[in-house]
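**Q** At position 200 of the sequence shown (counting the first as 1) the number is 196 in our numbering, and the numbers step up by one without a gap.
Check each hint, because a few of them may be wrong.
Claimed, not checked - What follows is a set of in silico ranges between Cβ atoms, one per label pair, in the way DEER data are often shown:
id	residue 1	residue 2	range
1	79	190	47 to 53 Å
2	33	403	42 to 48 Å
3	107	271	36 to 42 Å
4	7	348	26 to 32 Å
Stated by the list, open to error - Simulated crosslink set (EDC-like; lysine to aspartate or glutamate; CA at most 16 Å straight-line):
id	residue 1	residue 2
5	479	569
6	547	569
7	112	398
8	531	34
9	475	57
10	478	541
11	580	566
Just so you know, these hints were derived from the structure itself, not from any lab.
Where a beta carbon is used, it is the ideal one built from N, C-alpha and C, also for glycine.
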Amino acid sequence: MERIKASDKNHRIFYIVLTAIALAAMLARCFFSVITTDEVFNIGEAYRTVLGQKFMVENWDFFQVGDSLNYPFIWLFYKITGSSEGIVIYSRICSVFITFIFALLTYKLLKPIFGKTNSFATCLIYFTVVPKTIFGYWYDTWSLSFMLLSFALIIFVMNKDKPLPWLILAGVCQAISVYAYPTAVFVFIYEFIVLFIVMNKDKKKIGFKKPELAYALGAAAVFAVFVIFCLTRDWQNFFIFNKEVASSGLSDRTAAHSNNLFVRHIISDFFYFYDPIIKASLIFAVLCFAIKKLRLSKLWIILYVVSSSIFLFVFIFRKGGLFPGSKSQNMLNVLLFLSICGFFLFITFFLKNKKFKALFLFLYIPSMLAGLVWAFTGLDKSINIPLGARSAPIFFFLEFFELISQVQFKKIRIKNLVLPAMCFMLIFNLLALYCQGFYNTIPMAALKNNLAISSAESGVFKYVYDKEETIYSLECFEKSMKKIVQKDDKTILCGSGLIQCYLITDLLPNTNYLWRPGALSGKAVDDNFYDILFKYFDSYYGFPDIIVLRKNKAELTNKKFVDFLNQNYDLAEEDSGVAFYRLKQH
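Please take these sequences and the hints and turn them into a complete structure.
**A** In structure tokens, the structure reads:
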């Protein structure tokens, strides 16, 4: 008995040390890489609400809904500091600890069913893969995290005598997921139907006659809170009720596409982009069936998974042109491979296992469904499948660790192969984290190429390290901005490629999303987007006090816009390819 207690204590210490190492590595990574696109855009969505813009009225961006979950964190930061200086590193650190909380909750829910070791290994490996290597919680990340928590709660319910509160809580989590990413409602519908079919067959064990209604009740509570919130706001003026805005095409990035051509593109893109993953998965399927049929050692599964994962990672990383954006998503693509492998493991080894059948129904299938939802409703079509299906690898990891715990060595005394496998995979994840980036300078690239790096001493990227010229350029831009802005200025319009501009000052609003790429280029039918942009200013603010444009972004080729600029604005300053215009005094 004492030996068992000592062993448990040693395991607990080992788990704490591994968690601390993972947290430290992730926190350290936060201090590298300036990102002037998605990250600052999503921080800006919450920041503009903190500055006082009316939700869904003065903000015409669809992303504001999911990004509003960042509001408490940004509000606290602004309340304490009174500015946006250092807001990026603060947001990244918050996201690491939010990730840790979701990992801990998922572990607590899975542990009673799948055991301490397997559950810990699964959560540690899963949560140290950072989507796109951006430490940020926004609409899609929030949605996927609450979605996974909802799945875990439903699976946890299977072993509870009084499931009612847990089912309600699962419904709450899924509703928050839908709030953050509205098309995730398809996942909610699936879970509701499966709860109705599966759990009603076992009413005596469950102890509650209508489990699907308890689940729906939790979701309804969140919906009711949202409706009450909207009714207490200026809901009649929500931009979604404006016919001109609704028909402008602003929702193109989030609206569902159901025409046959789009469906064919999704399918063809999938087989084009993920060809090596599909081939590796089919080989894995043959291997699984051969092992079961010929009763070979399951060690072959371990060796294949490790070798093929490394191969796929290196192949995708080196062949950057194969996947658009692959340099930031290759770990997600490896997870997609593991997700597909999870299906073959299930039908080969776990088809009659009750706990894995529940996991398959309530986590794996809805996760893969979410991958399709993200593909059909996201910007990048098939490229979004690994992100949307992000919960599916949980299924594979639990199966994989269960399988390798059964592997025995005659000569080598290794009681549980899960622990060394977990350590290997953790090292692999952390190395990947430092070797890939979101189109920016990363620590390993800087080290390999002897790049001079430094950290920003002021501004929104304060404490963030990147190439010296990048940091210098940002600091010069911020100084120019602060020099241009005067006490009486209230509004600003920044051109494309200058998203961080909206975080530098307290000026309203943030119209980056209205300023579509190419909208003013004269190379496309852009009058509609031009009109919407200035309709927005006419509705609330009048002409912006300051306009900031990049000279090399072809934004000054639209005759209508150039005439408007010459008639109403003076060139105040031009520095490093950025032009600052000030509204003329009439």
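**Q** Each hint should be assessed against the structure and marked as holding or not.
**A** Hint check:
{"no.": "1", "hint": "79 <-> 190: 47 to 53 Å", "verdict": "49 Å, holds"}
{"no.": "2", "hint": "33 <-> 403: 42 to 48 Å", "verdict": "45 Å, holds"}
{"no.": "3", "hint": "107 <-> 271: 36 to 42 Å", "verdict": "38 Å, holds"}
{"no.": "4", "hint": "7 <-> 348: 26 to 32 Å", "verdict": "30 Å, holds"}
{"no.": "5", "hint": "479 <-> 569", "verdict": "10 Å, holds"}
{"no.": "6", "hint": "547 <-> 569", "verdict": "12 Å, holds"}
{"no.": "7", "hint": "112 <-> 398", "verdict": "12 Å, holds"}
{"no.": "8", "hint": "531 <-> 34", "verdict": "25 Å, violated"}
{"no.": "9", "hint": "475 <-> 57", "verdict": "28 Å, violated"}
{"no.": "10", "hint": "478 <-> 541", "verdict": "14 Å, holds"}
{"no.": "11", "hint": "580 <-> 566", "verdict": "6 Å, holds"}
In the structure shown, a violation is registered for the earlier hints numbered 8 and 9, in ascending order.
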